[in-house]
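Protein chains in written order, with numbering that gives the first Met the number 0: chain A, 0 to 414; chain B, 0 to 106.
Certain hints may be false.
[What the hints assert, rightly or not] Now the in silico label distances, taken between C-beta atoms and shown as ranges:
#	chain 1	residue 1	chain 2	residue 2	range
1	B	C4	A	L75	48 to 58 Å
2	A	R112	B	G18	43 to 53 Å
3	A	L251	B	V100	52 to 62 Å
4	A	A21	B	T20	32 to 42 Å
I should point out that these hints are in silico values taken from the structure, not numbers from a laboratory.
Cβ coordinates follow ideal geometry from the N, Cα and C atoms, glycine included.
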Amino acid sequence: MRTVTVVGASLAGLYAARELRAQGFDGRLVVVGDEPHRPYDRPPLSKDFLTGRVDEDRLALTDAEDDTALGAEWLLGTGARALDPRERAVVLADGRTLPTDGVVIATGASARRLPGTAPTGVHTLRTLDDARALRAGLTRGARRVVVIGGGFVGAETAASCVALGHRVTVVEAAPLPLLPALGPALAAVCAALHRRGGAELITGTGVAALRGTPAVTGVELSDGRVLDADVVVVGIGAVPNTAWLAGSTLALRDGVLCDDGCVTALPQVVAVGDVARVGGVRSEHWTSATEQPRTAVANLLAGRTTRSARSLPYFWSDQYGSRIQFAGRRRDGDTVRITEGGLVDGAPGPDGLLALCERDGRTTAVLSVDRPRPFTRTRRALDRQEKEKESEIEIEKGSGSGDAARDGLRHPAGR
Amino acid sequence: MIPVCRLEDLPRGESARIGTTPPIAVFHTDDGELYAIDDTCTHQDASLSEGWLDGCLVECPLHAASFDLRTGLPTCLPARRAVRTHRVTVDDGVIHVHLVVREGTAA
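Assemble the whole structure, with the sequences as input and the hints as a guide.
The structure is reproduced here in structure tokens:
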């Protein structure tokens, strides 16, 4: 493999580029990014960057030394328009064609928007440019802010807006924010953080329309209520950036379909990060974006799937001065038990809390609010438990009538 | 020189945080060594005193960046900058931290 093109210059793309070098690829390495910026860290955008605690220079994921070590060609400010597997080329939006032997798809996801043209004062929060615009919109005195969507981006943005002294209302269409991720009991705990933190939370109602021209003046809810607003933040999820792959042969369904090892139907094309549906699961987590590249690159360089990228899901969120951390594979119906700390009026008490999700006497997942130490302990135990289970599965697979047995390499005792 | 606590009050495998500006983390490793480093991870705001201690490495509780307690140098991403290290002594059974004045690693 002489040339590898990484399409996407954010966290997953950068980590893939680093892994290529770390795993010995010394050919031509091209990184394509549609944003004009060098790779930057997105998690602070809704938190410390929005509140002004950190500035742009602290978001950079690389420095001059890294860049030299990486030895990559950076094509920034122009996205990819197509993947042409027959010609083995990536076609850029500006018409250039990059012949390549291997491709890492790391194009991420884009903020989902409300239909129609938005008045001014309506923001999404995904990119540095989004965050710059929102930050500017929040520095013109006390504002009435409506956040549409109570997921992590919405909740963190709401908390940052409260910290900046704005009046904040969060609107969530579901009965509780974060229900699919956390389940009802833990979602209720996190929802209570809004109230404790000083924001209003309206649940179970969608948004009918945005009011105001040219600047937004309010948000009309589907139950008829109208919330006054000077600033609106739309945090209703993200859509994987796969449009550029429409003309390729790759299977697309809410992401690029890959096997457990991030490999697509084409062995010379792998996918990582928010855009990748790895073994049926697409995760928009920082941890997936930083962990998948190691496996994906190993498989790309091997020309086939030799490793699985399955790892224990982990995510965190900082809201209203509390740090939420979650790890594991929770399923509906798991019981929830608070093992440390407790609730005060439904919200985490001053000492935070540790809650375990359990099924059949085993811990399946852990949630922590401001209890990092026992959280890490439990997360590591879960990780170990999962790895042991997987090696058991491997052993079972291996002991069947597989190739090894057929080739006479295994001679079970007693035969 | 900052007194931290009596040696017997910081068992092996434990850590303590001193609320100086910036805060300092003090570790007592399983091998019985004492180390002090700046408490805040150089990647993002997280307290290393609450991290996972493994030999003379501490793993950040937020993103698993790892630092060598002896040098302050990160051993893996996402951290790229070192934390400062500070000298530790035990005087009359009390752990003391001697803050470095200059920036950079005291490796």
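We went through each hint and held it up to the structure:
1. C4/B <-> L75/A: 48 to 58 Å: holds, 51 Å
2. R112/A <-> G18/B: 43 to 53 Å: holds, 44 Å
3. L251/A <-> V100/B: 52 to 62 Å: Cβ of L251/A to Cβ of V100/B: about 57 Å, so the range 52 to 62 Å holds.
4. A21/A <-> T20/B: 32 to 42 Å: holds, 37 Å
Every hint from the earlier list agrees with this structure, and none is contradicted.
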